[in-house]
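Going down the list, the protein sequences come from chains C and S. Number 754 in our numbering belongs to position 136 of the first sequence; there are no gaps in the numbering. Number 109 in our numbering belongs to position 105 of the second sequence; there are no gaps in the numbering.
The set of hints was computed from the structure by calculation and includes no laboratory data. Be a bit skeptical, because a hint or two may be false.
Stated by the list, open to error - The calculated DSSO-like cross-link candidates involving lysine-lysine, where the alpha carbons are at most 30 Å apart (straight line), are:
id: 1; chain 1: S; residue 1: K378; chain 2: C; residue 2: K651
id: 2; chain 1: S; residue 1: K94; chain 2: S; residue 2: K274
id: 3; chain 1: S; residue 1: K244; chain 2: S; residue 2: K255
id: 4; chain 1: C; residue 1: K651; chain 2: S; residue 2: K244
id: 5; chain 1: C; residue 1: K679; chain 2: S; residue 2: K255
id: 6; chain 1: C; residue 1: K800; chain 2: C; residue 2: K825
id: 7; chain 1: S; residue 1: K312; chain 2: C; residue 2: K647
id: 8; chain 1: S; residue 1: K376; chain 2: C; residue 2: K647
id: 9; chain 1: C; residue 1: K679; chain 2: S; residue 2: K376
Unchecked claim - Below, a sample of chain C positions facing chain S; criterion: calculated Cβ distance under 7 Å:
id: 10; residue: D681
id: 11; residue: M688
id: 12; residue: L695
id: 13; residue: Q696
id: 14; residue: G705
For glycine and all other residues, C-beta sits at the position ideal for the given N, C-alpha and C.
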Amino acid sequence: MSLMNHPTTTMKDNTAIRPDFALISQWVKPQAKVLDLGCGDGELLTHLHRQHDIRGYGVEKDDQNWLTAMENGVDVLQMDLEVGLSGFEDQSFDTVILSQTLQAMHNTEGIVKEMLRVGREAIVTFPNFGYWRNRTQILLGQMPVSKTLPYEWYNTPNVHLCTIHDFDAFCQNHDIEVIERKVITEGNMVNFMPNLLGNLAMYRLHKK
Amino acid sequence: MSENNSVGLVAPQSAHFDTPLALKSGDVLPQFHLTYETYGELNADRSNAVLVCHALSGNHHVAGKYKETDKSAGWWDNLVGPGRPLDTNKFFVIGVNNLGGCHGSSGPSNTNPATDRPYSATFPVVTVEDWVNSQARLMDYLGIEQLAAVIGGSLGGMQALQWSIAFPDRIRYALVIASAPNLTAQNMAFNEVARQAIITDPEFHAGDYYNHGVVPRRGLRIARMLGHITYLSDDVMGAKFGRKLRDGNIKYSFDVEFEMESYLRYQGDKFAGEFDANTYLRMTRALDYFDPALPHGGNLSAALAHVKAKFLVVSFTSDWRFSPARSKEIVKALLDNEISVRYAEVTAAHGHDAFLMPDPHYHAIMRSYLAKIKV
Chain C
619 MSLMNHPTTT MKDNTAIRPD FALISQWVKP QAKVLDLGCG DGELLTHLHR QHDIRGYGVE
679 KDDQNWLTAM ENGVDVLQMD LEVGLSGFED QSFDTVILSQ TLQAMHNTEG IVKEMLRVGR
739 EAIVTFPNFG YWRNRTQILL GQMPVSKTLP YEWYNTPNVH LCTIHDFDAF CQNHDIEVIE
799 RKVITEGNMV NFMPNLLGNL AMYRLHKK
Chain S
5 MSENNSVGLV APQSAHFDTP LALKSGDVLP QFHLTYETYG ELNADRSNAV LVCHALSGNH
65 HVAGKYKETD KSAGWWDNLV GPGRPLDTNK FFVIGVNNLG GCHGSSGPSN TNPATDRPYS
125 ATFPVVTVED WVNSQARLMD YLGIEQLAAV IGGSLGGMQA LQWSIAFPDR IRYALVIASA
185 PNLTAQNMAF NEVARQAIIT DPEFHAGDYY NHGVVPRRGL RIARMLGHIT YLSDDVMGAK
245 FGRKLRDGNI KYSFDVEFEM ESYLRYQGDK FAGEFDANTY LRMTRALDYF DPALPHGGNL
305 SAALAHVKAK FLVVSFTSDW RFSPARSKEI VKALLDNEIS VRYAEVTAAH GHDAFLMPDP
365 HYHAIMRSYL AKIKV
């Protein structure tokens, strides 16, 4: 499920990799067992496998994405994340990733809880609704539509958009420890006023 | 699905085995034979063999026709052929009639060489494990040390799973379609009703009907009618027949009133005319008894601890007899063992029968997965 458009940077090996994937990669240990929820065509898992020799599985609901992921050599499982991760044992993965899918989940609390049950660590990334361009559009009296949030209010799959502040509070209220947080805009790190200037938020989480 | 992608005209073959086969029940088959068919060519290093395991009423005739005038081709013809998902230009495909069957392999209707009379009720109760052991003998006979893949739907999927457990070094890929790690109580209940229909038919004669010159047709017919109801979904029965009347008006009788009744009776009659009742009893029992987790205290993950094959598991959304939840149990046990597994839940209206239908997405999955297998 790819809900954003993604700028790409060129890595040393000349394969273009999305900057958010490059950052996720820094949080994954070599040979780790990784579960990617909403893995799309399997690009992230393929990258992690190439870079870290991980043992990866993907979960993807969409037929066409599922087929493409399989053709890309990914062990992909067609399941609906909304019903949870009952098919996975407690703490059976080193890292469980939910990349830019959180905002489209109905069962938002449930999936984060499940990720931390199944994984020793979780990586969650989402578009920051607090980004200044979104705020500007709201100030102008309209729902934000941008490269990052390319949908109109009436057809968006994004039902649970949040800001970085919101997600920080969510973690605090749910006994989730934020091991690390990175915020980027157009592939560049944002350290100053991230909730205003950051487009994409990336969290590395762990159960307290 | 053009005719020119067919394997064309085929012929069954038979292999005889003199070494006794110890069965799970404790019985021994001193000798037996298996009827099988092959499509495509075995390559020089014998690495392209694929075994297709049949379900309850299937047999070795997977693809092609015996003669041009045959009304229908083999039971999984839409999958197997040159350029089809299980491509016979690449693979050497083997179909085999399971032990206890009624299409050539040793079974109740065959003559017991020891007595020169039909085995009838004396033919042992065979299990999925026994079938797989006998299939392994056939692979020895064909000079195939390791199968590229074992494919099966329903009861056939159970055999693919059993292959991976019993012979971890002899199978590289297992394709388990519309199957389950064991039957639920409800599923076994359907089998029991089917068996009771056969056993209580006055012409069953405790399984010795061959010597009475009769066939328990009524029992077989009802068993098959019941089976057909469970293989279809409510939706597809609704779409296919709905409440359509056969003759357009209600006759207030117990003859065929609705189209659905006509269909069931036709299927029942057809089956009763060509299938052996003793075989049907044994096939349903093989389904009931299959439970690889049982020796491991119900722990399927432990049962799969030594599996080396990679898996494709496929289920169909409207299949209530072998529901997606049951396939997911297999997937979970594979995940627990960190085995390579891909799982697809195909949106299909046809219920359990969907695994035999040429649904484009389903066949695209099979085609892609099989295309990646190196031979």
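*asked:* Checking one constraint from the list: CA of K244/S to CA of K255/S, max 30 Å. Satisfied?
replied: holds (22 Å)
*Sort out whether K255/S lies within 30 Å of K679/C, counting only the CA atoms.*
Between K679/C and K255/S the Cα gap is close to 49 Å, so the pair fails against 30 Å, i.e. violated.
*For the hint on M688/C, does the least C-beta distance to chain S fall short of 7 Å?*
With a minimum Cβ separation of about 5 Å from chain S (threshold 7 Å), the hint on M688/C holds.
*Should the hint that L695/C touches chain S count as held when the rule is a Cβ pair under 7 Å?*
holds (4 Å)
*Pair hint outcome, K378/S versus K651/C [Cα-Cα no greater than 30 Å]*: Given pair K378/S, K651/C holds - Cα atoms ~25 Å apart, limit 30 Å.
*Would the pair K679/C and K376/S pass a check requiring their Cα atoms to be no farther apart than 30 Å?*
holds (22 Å)
*Take the C-alpha atoms of K94/S and K274/S, compute the straight-line distance between them, and say whether it is at most 30 Å.*
Status violated; Cα separation ~35 Å.
_Tell me if the interface restraint on Q696/C is satisfied: Cβ within less than 7 Å of some Cβ in chain S._
holds (5 Å)
_Holds or violated: K376/S to K647/C, with C-alpha atoms at most 30 Å apart_ = holds (28 Å)
*Any CB of chain S closer than 7 Å to the CB of G705/C?*
holds (5 Å)
*Do the alpha carbons of K312/S and K647/C lie within 30 Å of each other, as the hint requires?*
Holds - the C-alpha atoms of K647/C and K312/S are around 25 Å apart, at most 30 Å.
*Holds or violated: K800/C with K825/C, Cα cutoff 30 Å?*
holds (18 Å)
Violated hints for the displayed structure, listed by number in ascending order: 2, 4, 5.
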